[in-house]
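There are 2 protein chains.
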Amino acid sequence: MGKKITIYDLAKKLNVSPATVSRSLNDHPSISKKTKEKIIDAAKSLGYRTNKFAANLSQQKSNTIGVIVPRLNSNFMSTVLAGIEKVANDVGYNLIISQSLESAEKEVLNAKTLYDSGVDALMISLAYGTENFDHLTTFIDRKIPLLFFDRVFDLPNCPTILIDNEAAGYEATEHLINQGCTNILHIAGGLKRNVYCQRFKGYKRALEKYGITFKEDNLVEVDLDLSRVPEVITHIKESDPKIDGLFVANDTFAVHCIKELKKEGYNIPQDIKVMGFNNDPVSEVISPNLSTMDYPGYKMGVLAGQSIIGHLNGAINLQSANQITLRHTLIIRESTQK
Amino acid sequence: MGKKITIYDLAKKLNVSPATVSRSLNDHPSISKKTKEKIIDAAKSLGYRTNKFAANLSQQKSNTIGVIVPRLNSNFMSTVLAGIEKVANDVGYNLIISQSLESAEKEVLNAKTLYDSGVDALMISLAYGTENFDHLTTFIDRKIPLLFFDRVFDLPNCPTILIDNEAAGYEATEHLINQGCTNILHIAGGLKRNVYCQRFKGYKRALEKYGITFKEDNLVEVDLDLSRVPEVITHIKESDPKIDGLFVANDTFAVHCIKELKKEGYNIPQDIKVMGFNNDPVSEVISPNLSTMDYPGYKMGVLAGQSIIGHLNGAINLQSANQITLRHTLIIRESTQK
Numbered sequence: 001m002g003k004k005i006t007i008y009d010l011a012k013k014l015n016v017s018p019a020t021v022s023r024s025l026n027d028h029p030s031i032s033k034k035t036k037e038k039i040i041d042a043a044k045s046l047g048y049r050t051n052k053f054a055a056n057l058s059q060q061k062s063n064t065i066g067v068i069v070p071r072l073n074s075n076f077m078s079t080v081l082a083g084i085e086k087v088a089n090d091v092g093y094n095l096i097i098s099q100s101l102e103s104a105e106k107e108v109l110n111a112k113t114l115y116d117s118g119v120d121a122l123m124i125s126l127a128y129g130t131e132n133f134d135h136l137t138t139f140i141d142r143k144i145p146l147l148f149f150d151r152v153f154d155l156p157n158c159p160t161i162l163i164d165n166e167a168a169g170y171e172a173t174e175h176l177i178n179q180g181c182t183n184i185l186h187i188a189g190g191l192k193r194n195v196y197c198q199r200f201k202g203y204k205r206a207l208e209k210y211g212i213t214f215k216e217d218n219l220v221e222v223d224l225d226l227s228r229v230p231e232v233i234t235h236i237k238e239s240d241p242k243i244d245g246l247f248v249a250n251d252t253f254a255v256h257c258i259k260e261l262k263k264e265g266y267n268i269p270q271d272i273k274v275m276g277f278n279n280d281p282v283s284e285v286i287s288p289n290l291s292t293m294d295y296p297g298y299k300m301g302v303l304a305g306q307s308i309i310g311h312l313n314g315a316i317n318l319q320s321a322n323q324i325t326l327r328h329t330l331i332i333r334e335s336t337q338k
Numbered sequence: 001m002g003k004k005i006t007i008y009d010l011a012k013k014l015n016v017s018p019a020t021v022s023r024s025l026n027d028h029p030s031i032s033k034k035t036k037e038k039i040i041d042a043a044k045s046l047g048y049r050t051n052k053f054a055a056n057l058s059q060q061k062s063n064t065i066g067v068i069v070p071r072l073n074s075n076f077m078s079t080v081l082a083g084i085e086k087v088a089n090d091v092g093y094n095l096i097i098s099q100s101l102e103s104a105e106k107e108v109l110n111a112k113t114l115y116d117s118g119v120d121a122l123m124i125s126l127a128y129g130t131e132n133f134d135h136l137t138t139f140i141d142r143k144i145p146l147l148f149f150d151r152v153f154d155l156p157n158c159p160t161i162l163i164d165n166e167a168a169g170y171e172a173t174e175h176l177i178n179q180g181c182t183n184i185l186h187i188a189g190g191l192k193r194n195v196y197c198q199r200f201k202g203y204k205r206a207l208e209k210y211g212i213t214f215k216e217d218n219l220v221e222v223d224l225d226l227s228r229v230p231e232v233i234t235h236i237k238e239s240d241p242k243i244d245g246l247f248v249a250n251d252t253f254a255v256h257c258i259k260e261l262k263k264e265g266y267n268i269p270q271d272i273k274v275m276g277f278n279n280d281p282v283s284e285v286i287s288p289n290l291s292t293m294d295y296p297g298y299k300m301g302v303l304a305g306q307s308i309i310g311h312l313n314g315a316i317n318l319q320s321a322n323q324i325t326l327r328h329t330l331i332i333r334e335s336t337q338k
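Line order of the protein sequences matches chains A and B.
Mind the numbering: the first sequence is residues 1 to 338 in full-length UniProt numbering, read in order.
Mind the numbering: the second sequence is residues 1 to 338 in full-length UniProt numbering, read in order.
Isolated chain A, as found in the complex (with noise of 0.2 Å):
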């Protein structure tokens, strides 16, 4: 690699001193306009790189914005992430996103990075293993402004942005057990995860209204990566009483499990009848189509992008705006009929 530019190299080009070349960067107030420009422009032209000098020099700011998601092979991410980016990309806001790919030492690395990189402000969506928040704590003690959506945690003067989960779930079941089912299984993501979590607890809350008592082995915890499809397919094999419901925590799994559930001569609805979460177009792709909960993704983007820009132009305080819960609408469509 050829070697960076640095504020040394601009001195001597200048014949000035380090100190002078740093101070003008800094836009430090003992230095004349007119040397800071002429350092600026030799810094331009020689392509110096520091993130405070790439943007606006007095204001200290990158105009970039960092965002963290578990993964990005997702449609709902990516459905989230083109929110926020039509809204800051509105307001000359860029966005770069780094993936934790479910790993909380993932996502150290990636705060970091983000961190380092000089963002105004960082968005983040929780790994499946995050336990400690100290790689967040940086940002919030350096009063950059974090935001949390989807899958959150209440750390102080942080907002969040989700649904209400616990409800979605309940209506998902309660569905399920309308449309005559009495043995539904339940397959979740990491329940250390809020969204997780909560769609459990509303699962098991509509069991409980209708008087069907939970049982332990209609809980599979699993990290929702397809290469799990089969030990659930093996699970409903093995399920004595048969199972005659399926909750998934999301569409891209559930999909995938009324595919193999075809292939082992399961008829949908009328054996099993399924439920997805998110309302991603594969529900649509799939035959029979499938019901699902629609969860307004775009419109979880635009609102987060909204609130830190908002923010970060002085128009809103985030501390004061703590929760924003979007609503979520159950889709019923085939795998569900009676």
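The reader is advised that the hints may include incorrect statements.
Chain copies aren't distinguished; within one or between two, either way the pair holds.
Straight-line distance between alpha carbons at most 20 Å, and here's what the computed PhoX-like set of lysine-lysine pairs gives [to be verified]:
no., residue 1, residue 2
1, Lys338, Lys12
2, Lys192, Lys38
3, Lys112, Lys61
4, Lys44, Lys237
5, Lys12, Lys44
6, Lys237, Lys36
7, Lys112, Lys44
It is worth saying that the hints were derived from the structure and are not from the lab.
Following the hints, put chain B in place on chain A, whose structure we already have.
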């Protein structure tokens, strides 16, 4: 926002000159090891941010690789990214990703943001509209390794990783002809980009080889956004003589064409045989299952990651490995059966 920690704050705190702080953080030889350590410790504990400081001071590395992709809501792209992540994580590199949303203008902004954030290398798959490459010359001039994948362009000393799209387009079309199709509609992405232009060339070459005259009407260039499906369906309904084969440049668009054609009463594959491209999981969700071209995205990501990291570690000279072509595979399923 809180004020960022500057070298002046560090200098004041440690009772040394700002120049000493700056030199220490830049690992300047004029400063003693003991002083450097003291200053680095203070910089860490106070949260001083610069990308150079963030990582390996003496090597001026950030251990971060920047990636620009057209869109994140693509199974193919997230599979490529998974491959890059795998290799990068194994050796302690982290990715930061930004999406151009198919806009050349935004791609320029992305490149600037990633440059300013101090990435050690850049990997890019081009937007539909990119025609000018000035935004990438900064990287080349500073000898920051730059690699193109999938949607590539030939720039001096920048390796490219892709498949033989012309051959793949030829084989896809030849398969449709062998199955009896004589009036094949091709749905292409932006023809400025190699991948779509080459697939189209392959389509035309296959027609020619089998004595079928190419008709301008049988080429539809769309951005492959699902909002464009209805106009393709209208085009098919109004075509005379009727379309009996459809070769679509990606699976997602092909799958939604099948879904809508079925609604319009078409039998697939009896009335129209359909070929996709990429071998996304959704190609096995649609009924009938979609014939497609397997594009090894994960392998592409792994190779791209290995090339860049090998170069950064001095093990590979990227200039000597100018183009890597991966193998594609025709996947025959129900949607093109006779």
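Taking the hints in turn, this is what the structure says about them:
Proximity of Lys338 and Lys12 under a CA criterion of 20 Å is satisfied in neither setting, with 80 Å inside one chain copy and 74 Å between copies. With identical chains, the CA atoms of Lys192 and Lys38 are never at most 20 Å apart, being 54 Å at best within one copy and 40 Å at best between copies. Both within a single protomer and between protomers do Lys112 and Lys61 lie at most 20 Å apart by alpha-carbon distance, with minima of 18 Å and 14 Å respectively. In this assembly of identical chains, Lys44 and Lys237 lie within 20 Å of each other by CA distance neither inside one copy nor across copies; the values are 66 Å within and 56 Å between.
In this assembly of identical chains, the alpha carbons of Lys12 and Lys44 lie at most 20 Å apart only when taken from the same copy (15 Å versus 29 Å across copies). Neither within a single protomer nor between protomers do Lys237 and Lys36 lie at most 20 Å apart by alpha-carbon distance, with minima of 73 Å and 65 Å respectively. For the homomeric pair Lys112 and Lys44, the shortest alpha-carbon distance between copies (12 Å) is at most 20 Å, but the shortest distance inside one copy (26 Å) is not.
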